[in-house]
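Peer 1: Chains as they are written, first to last, in the numbering used here: chain X, 78 to 288; chain G, 78 to 288; chain B, 78 to 288; chain A, 78 to 288.
If you are wondering where the hints come from, they were derived from the structure by calculation, not from laboratory data. Treat the hints with care, as some may be off.
[Said to hold, decoys possible] Chain B stretches covered by chain G per the calculated footprint, using a threshold of three residues with CB under 8 Å from any CB of chain G:
| id | stretch |
| --- | --- |
| 1 | 212–222 |
| 2 | 267–274 |
| 3 | 277–284 |
[Stated by the list, open to error] Cross-link-like lysine to aspartate or glutamate pairs, in silico, DMTMM-like; alpha carbons within 25 Å at most:
| id | chain 1 | residue 1 | chain 2 | residue 2 |
| --- | --- | --- | --- | --- |
| 4 | B | Lys156 | A | Glu205 |
| 5 | B | Lys208 | G | Asp97 |
| 6 | B | Lys208 | G | Glu184 |
| 7 | X | Lys156 | X | Asp236 |
| 8 | A | Lys218 | B | Glu225 |
| 9 | B | Lys243 | B | Glu220 |
| 10 | A | Lys208 | B | Asp133 |
| 11 | G | Lys197 | B | Glu205 |
[To be verified] Partner residues aside, some chain B positions facing chain G, computed with beta carbon under 8 Å:
| id | residue |
| --- | --- |
| 12 | Met78 |
| 13 | Gln80 |
| 14 | Thr81 |
| 15 | Ala203 |
| 16 | Ile204 |
| 17 | Glu205 |
| 18 | Met206 |
| 19 | Gly209 |
Virtual Cβ for every residue (Gly too), placed ideally from N, Cα, C.
Protein chains: 4
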Amino acid sequence: MAQTLDDLPPRAALAEIARDFHARGWMAGTAGNLSARADDEHFWITASGKPKGRLDELDFLLVRVRDGEVVERVRPDNKPSAETAIHRALYALFPGARACLHGHIVEAAVAANRAKKGAKSLRLPAIEMIKGFDIWRQNPKVELPLFENHLDVAKIARDIETRFKKTKPDVTALMIRAHGPTVWGANLQEVYNRFEILDYLLRYQAQARPR
Amino acid sequence: MAQTLDDLPPRAALAEIARDFHARGWMAGTAGNLSARADDEHFWITASGKPKGRLDELDFLLVRVRDGEVVERVRPDNKPSAETAIHRALYALFPGARACLHGHIVEAAVAANRAKKGAKSLRLPAIEMIKGFDIWRQNPKVELPLFENHLDVAKIARDIETRFKKTKPDVTALMIRAHGPTVWGANLQEVYNRFEILDYLLRYQAQARPR
Amino acid sequence: MAQTLDDLPPRAALAEIARDFHARGWMAGTAGNLSARADDEHFWITASGKPKGRLDELDFLLVRVRDGEVVERVRPDNKPSAETAIHRALYALFPGARACLHGHIVEAAVAANRAKKGAKSLRLPAIEMIKGFDIWRQNPKVELPLFENHLDVAKIARDIETRFKKTKPDVTALMIRAHGPTVWGANLQEVYNRFEILDYLLRYQAQARPR
Amino acid sequence: MAQTLDDLPPRAALAEIARDFHARGWMAGTAGNLSARADDEHFWITASGKPKGRLDELDFLLVRVRDGEVVERVRPDNKPSAETAIHRALYALFPGARACLHGHIVEAAVAANRAKKGAKSLRLPAIEMIKGFDIWRQNPKVELPLFENHLDVAKIARDIETRFKKTKPDVTALMIRAHGPTVWGANLQEVYNRFEILDYLLRYQAQARPR
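Same shape as in the complex, but just chain X (with noise of 0.2 Å):
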């Protein structure tokens, strides 16, 4: 086994990623979409409306951050994600961000409800488990950023965009109500860990009573 998911050829990654995802659940029918920078101007995103826990390398296409034109695609039907907007976004918001996933977590959804109507951030627990997103302070007040879903999926890129390019969020991570949570970072191992410690965060927030 790969010592770490950088070991792999990114494609070959993405696509044991979307297994592991779909075999837990957080990429259920076809959802959810998953990328990696192939260098500073262009990523590889997973293709349109395919079963995640068949994917393969030949369904990821190459596209540029700047203006989302797709530069290599290797099956001719194959289409980016309808996400890849939020993907470009993220891309150019933040140079250091090699690699992005975006999935589905019922109790993420669950947790995400119960913040206030226009809650823009959702308080993550100061729990242990919040030094993964390389916190390190005692009872740490962490925000997660919270966007509204729009059917327009621009709009929710336009919406990271603005309040990004405004403050920084403290974590590497957003949350879209009623849709997901998105993680990006340095590479693909650390975005695959944080997304199972958010996973975390937000399945005990869901659980958790309020003290």
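On the provided structure of chain X, position chains G, B and A as indicated by the hints.
Peer 2: Chains G, B and A alone, transformed into the frame defined by chain X:
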């Protein structure tokens, strides 16, 4: 691995789905039944009373849509699923339906149990995942048809037939109260995907607090 | 794959069930015990204190129903399960019982904990899945026998014997409070199926709101 | 398959446990740390910051109980787990402890969160499963030691040391609030078994209604 379930022979695909659903707890004991059209007039359906984690390609019977006649059975003592009448009703109602999956999900039964007595449908949560049913509206109001459970399966089938002849459902799925979901669709992969999606939606509903 | 568990030699089948139940969390630590009749007078039962995910065919002892005498043991230091007395009681009471499975399920213990103090049974939910216990009635009122847990296992066995000599249970299963379910039946596959079904019914009950 | 984890070389066994715990969600991200004594004076412990589903036998360091000195490391840039101090404290306190496992379990954190502020222990439910901690009493009152979480791990280790020097705990386990359980014991298989048992007990407690 096959790119989609439809790249496999139908009975091999159904046996694979049965193992998958059994492992997830959706086919406890010998519960549930799966079918796929062989041609416009006939469908393959799981034999009755078999442990669903152990089916092979010989555990399916070829049944005629029109009258339920068993046209082919490889193992002579195999009987078609007790709920064949429901599959027949759906294939007769929806000529485009090429596959039909029925299982039992604890959380689906819990969610349905919260609907008022006599309610004819359950409002699905207006979350992103609903796009998996090809619904592309902001805050969609989508109703999952609810049917009462009867010991006499033929009565459930007639109820489905009567209601759907009058009113097309919002989604290619229904829920039998105190029983389980049934999903149909244009091909096996689509129906498999939507079964996962319905599971997701109903698990969300079983946990989410009313707002 | 074998078509049913009964196509395997009994000890191989029991070892396979043990791995399966362990993986589901139903045999945490070394908890639980599984048996199958070898002939009318004897049954094979799991050795005591073994991790249940790691049993092989040598980890079973042949025990005489009548007096609990160990008739055969392959590994000399293996001892029969501490709950052998319960298996003996059930095989003596029900000559048709050819297998008996006992595990621990968190949700089953949670559901049983909701029964009133001193209650002799737990009403099972009248949902479709109950047909797996061969109950074919509309809205059946089915009681799962409840027994108090005692440190002295022999006392549990006597309670079972005393009660079932007077009254046959509605189902081939019982629940020991604060402990776990025991299921018996005509063959290994049937008992395995019904264990899954009881798990389903009690998980439903642990989650469903009273109506 | 090995009959018990102790039939494997210690580092191979720890790597296997790490994959197992990761797959169950008990080592999300790089959380958790596992150790086994090599001899009376030293123990092998997981390297810090590695994804726990991908460890191999080179990802362990040999640490001296007395002063925490790293005596052997195969991969030169591996560092011992940040929580090595806790393992050292436990090995120093309990000469019979040969292994020590620490993970993070959502339900355990939820259960611990229900204890009163400042509570020094959590009453474990008096259910059958508690026998797995070698407690053989009817309705036993067993307390799981609770420790506050501190950013400074050395402080947690000192708290453990101070308390356990005065009072031996009821069980070979403790819980760090908002963090996770730690279990130690006479051999790897016993500790593995008891980790499963503690998970069971705390999942029960997180779900059971107070009576």
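Peer 1: Now, for every hint given, state plainly whether the structure supports it.
Peer 2: Here is how each hint holds up against the structure:
| no. | hint | in the structure |
| --- | --- | --- |
| 1 | 212–222 | holds (count 3) |
| 2 | 267–274 | holds (count 5) |
| 3 | 277–284 | holds (count 4) |
| 4 | B:Lys156 - A:Glu205 | holds (20 Å) |
| 5 | B:Lys208 - G:Asp97 | holds (22 Å) |
| 6 | B:Lys208 - G:Glu184 | holds (19 Å) |
| 7 | X:Lys156 - X:Asp236 | holds (24 Å) |
| 8 | A:Lys218 - B:Glu225 | holds (18 Å) |
| 9 | B:Lys243 - B:Glu220 | holds (15 Å) |
| 10 | A:Lys208 - B:Asp133 | holds (24 Å) |
| 11 | G:Lys197 - B:Glu205 | holds (19 Å) |
| 12 | Met78 | holds (6 Å) |
| 13 | Gln80 | holds (6 Å) |
| 14 | Thr81 | holds (6 Å) |
| 15 | Ala203 | holds (7 Å) |
| 16 | Ile204 | holds (4 Å) |
| 17 | Glu205 | holds (4 Å) |
| 18 | Met206 | holds (6 Å) |
| 19 | Gly209 | holds (4 Å) |
Of the numbered hints stated above, none is contradicted by the structure.
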